[in-house]
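These are the residues of each chain, in order.
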Amino acid sequence: MKGTNLGEFEELILLIVGVLYPDAYGLSIRQEIITQTGRKAAIGAVHSGLNRLEKKGYLLSKLADGTHERGGRRKRLFHITAAGKHALEKNHELRNSLWNQIPDLAWKNLPYGNSFQ
Amino acid sequence: MVTPSNNHRPPKWADRFLAWFCRNELLEEIKGDLHEFYALELGDKKPWQAKLFYWYHVFHFLRPFAIKSRSRQSNTLTMYHNYFKFAWRHALKHKGNTLLHVLSLGLGIACSIFIFIYLKGELSYDRFHTDVDRIHRVAIDFVDSEQRRIPDATTPPALAPSLVKDFPEVASAVRLFPNWGNKFLLGASPEKKFHEEDFIRTDPGFFDIFTFPTLHGDPAKALEKRDQIILTRSAATKYFGKTNVVGENLMQYLSDTTVVYQIGAVLEDVPLHSHFHFDFLAAIPFENLEQNWGWYNYYTYIKLAPGAEITSLEPKLQPYFESQLEERDYYNLIYSQPLTDIHLRSHLKWELEPNGDIANVYILALLALFVLFMSCLNYLNLKIAEVSKKYREVGVRKVFGANKGSLIGQFMVETLLISFFALLFASLLSQGLFRQLRDVLGRDISILDPENFVAFLMIGLVVVVVGILAGLYPAIHLSSFKVALAVKGLFNSSGKSTNGLRRGLLVIQFAISTFMIFCSIGVYQQLQYVKNVDKGFSPEQVLVIENIQNIPNQQSLKEELLKIASVSEAGLSNGVIGGLNWTSSLGYPDAFTMNWVTVDPGFLGTMGLALKAGRNFSPDRETDKSGLNFIVNETGLQQLGLTYEDVGKRVKMTEPQDSTRDGTGTILGVVEDFHFTDFKSSIKPFAFFYRESPQNYLNLKLSTNDLAETLQSIDQVWSQFSNQAPLDYFFLDQNFAELYAKENRLSNVLLFLTILAILIAVMGMFAIANITIKDRTKEIAIRKVLGASVSGVTFLITKHFLLLVLLANLIAIPIAYYGMQQWLDGFAYRISLGIALFLITVLLTLSVAWTTVGLQSFWAAISNPMKSLKEE
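In order, the protein sequence lines correspond to chains H and R. Numbering follows the working numbering, with no gaps: position 46 of the first sequence is 46. Numbering follows the working numbering, with no gaps: position 611 of the second sequence is 728.
Think of the hints as simulated: they come from the structure by calculation, not from any bench. Treat the hints with caution; some may be incorrect.
Rough simulated footprint, nothing fancy, chain R against chain H, three-plus residues with beta-carbon under 8 Å [unchecked claim]: (1) 32–38; (2) 77–87; (3) 90–102.
Listed next, the in silico EDC-like pairs over lysine to aspartate or glutamate satisfying Cα-Cα at most 16 Å (straight line) [claimed, not checked]: (4) R/K212 / R/E503; (5) R/K859 / R/E407; (6) H/K55 / H/E89; (7) R/K680 / R/D832; (8) R/K148 / H/D65; (9) R/K355 / R/E286; (10) H/K90 / H/E8; (11) H/K40 / R/E158; (12) R/K148 / H/E11; (13) R/K984 / R/D845; (14) R/K309 / R/D325; (15) H/K62 / R/E142; (16) R/K359 / R/D386; (17) H/K55 / H/E10; (18) H/K62 / R/E145.
Glycine included, every Cβ here is placed at the ideal spot set by N, Cα and C.
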């Protein structure tokens, strides 16, 4: 369902907003994504994701004072809403539940690479 | 200059760009993040890298969430958005009209795009060689004792090496020795042999002058060895099925021996736009050419040294040439021509390939402009005519406060929309045409090719300008009347000012159509005349077998073939009438160029050449078979200064050459004059010699309609004699028709464009008539009520249009007449422009106009007057 679905990149941003609490804003989130996952993301992509999450109601934001490097421009700090937490929990639970349902046998003699040979 | 302090700040232009597209409410935080990021980046990157990354991230903000929505920003944009909406609705409401506009404009544009791109190809011949400006061909005009000049493309073999040796301006020179009508029987194995024509012998310097990309091997080295050969990609594929065949052997099969060539290199195929083509290149195999100033069978190309001017070399050529020859009374004239001029401007005898014609380029360009001009005029005219429908709309707009500017904007958006669709339609159509005609054009052409895109843009620009004009006129016209009257609908379109302009445009359109009709009928008549006129011999049903020089016993082959019931006559020859023949200087005391072929006694009968005096060759008289004893055509007899009474007598025909050849000879017979070249030149002297030496062609007169069976029988006989050589043949009349291929093409193009022009003019007239009739609906009704007849009413409306067409005829026909006279002057044998041509043109244009307008007026005249009268 559009509007409530949490995309993979969105989930990542949402989690990192949590990790960085209370100092989560566009650039710090991007840096955290790079250090935690090694993934490169354009600043624009992060902003776009934050914008979507806010529209879905998973994030709230407020403007905070700027620093010298920013030329005194304010930054937008994000924190997770109850709905955001709920969405994360749902994803988390779904993942755990699926993980637990995998029979032990499936982990035996795991093949390497792309083929079963 | 980038100063250190500058590097601390992010690129200014990137920030401006961001501020331009980014939503204001997001700008602060985004800019803040970016600046912070930049400061971080500066820590571990070079300033230019940091700047680059900054730009990269700025561009990454070009996402829907961050971009300003423009419509909310600008009032003007909202207005144009609104105009566009109206224009779109208008186009949909008048679907028929919209379609008519798009079609008529689009057809004209498509056709001109097509022609211009085709012409671009014609103009780009030979331009693919590097330093093409420095490459020239040296050619010669033969001069006879009466100082007549016969231009010829061929030069002596000693010329090229001497020019390099004696002129520092000439960096390199190369000779080309083409196949001269011979066919080479080549094969990679005895089972796979083909006759090849495109075999050129040349010097190692070939690649210093010409640029043909190499696929494999070293082509320049291959030309230094006589046992090596160079193939093109397609030749290599034909014989070996692959392209990398360097080092393999290719055999040339002669009647008694086999020559083995080693393949030294493989080239890309010769581009289409080259004035000569070849599949095989090899070194020149002849000796002692360096001193030979007497043979004229080599083509000489030179490349000037960098900085040298052809204008300074040109005057030195003739004195130099004369100094190389023995003293004589008159010398042939030597001169040079730029390589890039050869295709369109050189029409010498013995060109390597039939060339194009700059006149045809001009004619086609003119026609394309005509059609483009006409479709634009037509569109303009239709739009102006539609003004009448807009009075009320404009009135209402004005009441609501629209000013002149916004009216112009409205109309312009409307017309530009149509222009745009027409352009789109035209591009698709011409692209489709190019795809359809890929085989004819010999290559893939696309309007998206960078070199064609400019032409396309130019035409696009014309269309946009027309769109603007078409919008501008009604807007200015309409913004100058009283609102109240307009809203009440008290105007009708027959206002004097639009009417005059409309009629003027219509006359121009019909004048162009008339011009084109006149010309295409004229060209067609001339072509029919040329095709049907008595040629003096009958090439119909003559099958010519080529390459019989390798057949050991030609007489028995001929006799065996004559046993086939449908082969009525047969004759051997070393040339083809209307194709290749030899020439020699003959005549005493005044020498002239005599065309000649060697034949056997069966030849005259096979060709249907009629003897006017004397007799045919006889195999029993040995004197017929040697010396200056020959049969000549009437022109030849006259040029020799002889009459019918001299036939059979021994007369002096040329300067004595040596003790055995005293220059006397006998005319055995005289044949009627016959056309053996195109009809652009008058009939030239032609002689037939009887020789028993092996000939090149066997001509068969067939008397059947069952070609398949006859060909099968011929092939059977052939295989008994041929030693596996393939049977190559053609029909003489088809060969003859190729002499007119250029005129035929012109005629076809002209016909096509004429139909297009008429179509566009008819569409225009149809729409204008439609509007006129609608304006006069009430008038027609009242006239009918008062007792006017249907024919009277129809005539009343049609009359105006017919007068316009007559006026157009009056303007166009004299111009067309003059143009046709010019064109026909190029033919030695031509039609005269008769009264019929004028009548047909006038009647055709009138009847087109009559049907277009007459039918509509007729429908208007027979409609019930009550219906139109009660509408108020």
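Consistency of the hints with the structure:
For the region 32–38 of chain H, the stated coverage by chain R is not satisfied: 0 residues place a CB nearer than 8 Å to a CB of that chain, which falls below the threshold of 3. Using a Cβ-Cβ cut-off of 8 Å, 0 residues of the region 77–87 of chain H lie near chain R, which falls short of the minimum of three, so the contact claim is violated. For the region 90–102 of chain H, the stated coverage by chain R is violated: 0 residues have a C-beta nearer than 8 Å to a C-beta of that chain, whereas at least 3 were required. The suggested pairing of R/K212 with R/E503 holds, with an alpha-carbon distance near 14 Å, which does not exceed 16 Å.
Taken as a hint, the R/K859 and R/E407 pair is broken in the structure, with Cα atoms around 39 Å apart against an allowance of 16 Å. Our distance criterion of 16 Å between C-alpha atoms is broken by H/K55 and H/E89, whose separation comes to about 19 Å. A threshold of 16 Å between alpha carbons decides the hint, and for R/K680 with R/D832 the separation of about 13 Å falls inside it, so the pair holds. Of the supplied pair hints, the one linking R/K148 and H/D65 holds, its CA atoms being roughly 14 Å apart against a limit of 16 Å.
Note on R/K355 and R/E286: the hinted pairing is violated, with a Cα-Cα distance of about 41 Å set against a maximum of 16 Å. The suggested pairing of H/K90 with H/E8 holds, with an alpha-carbon distance near 13 Å, which does not exceed 16 Å. Only pairs whose Cα atoms come within 16 Å are accepted, and H/K40 paired with R/E158 is accepted, the gap being roughly 14 Å. In summary, the hint linking R/K148 to H/E11 is not supported, as the alpha carbons are separated by about 25 Å, beyond the 16 Å threshold.
At roughly 75 Å between alpha-carbon atoms, R/K984 and R/D845 are farther apart than 16 Å, so this suggested pair is violated. Between R/K309 and R/D325, the direct Cα distance comes to roughly 34 Å. Violation of the 16 Å bound is thereby established for this hinted pair. Proximity of H/K62 to R/E142 is assessed by CA-CA distance (about 13 Å); at most 16 Å being required, the pair is judged to hold. With a C-alpha separation of about 14 Å, the suggested pairing of R/K359 with R/D386 holds against the 16 Å cut-off.
With a C-alpha separation of about 12 Å, the suggested pair H/K55 and H/E10 falls inside the 16 Å cut-off, and the hint holds. For the hint pairing H/K62 with R/E145, the CA-to-CA distance comes to about 13 Å; that is within 16 Å, so the pair holds.
Hint compliance for this structure: hints 1, 2, 3, 5, 6, 9, 12, 13, 14 are not met, and every other hint is.
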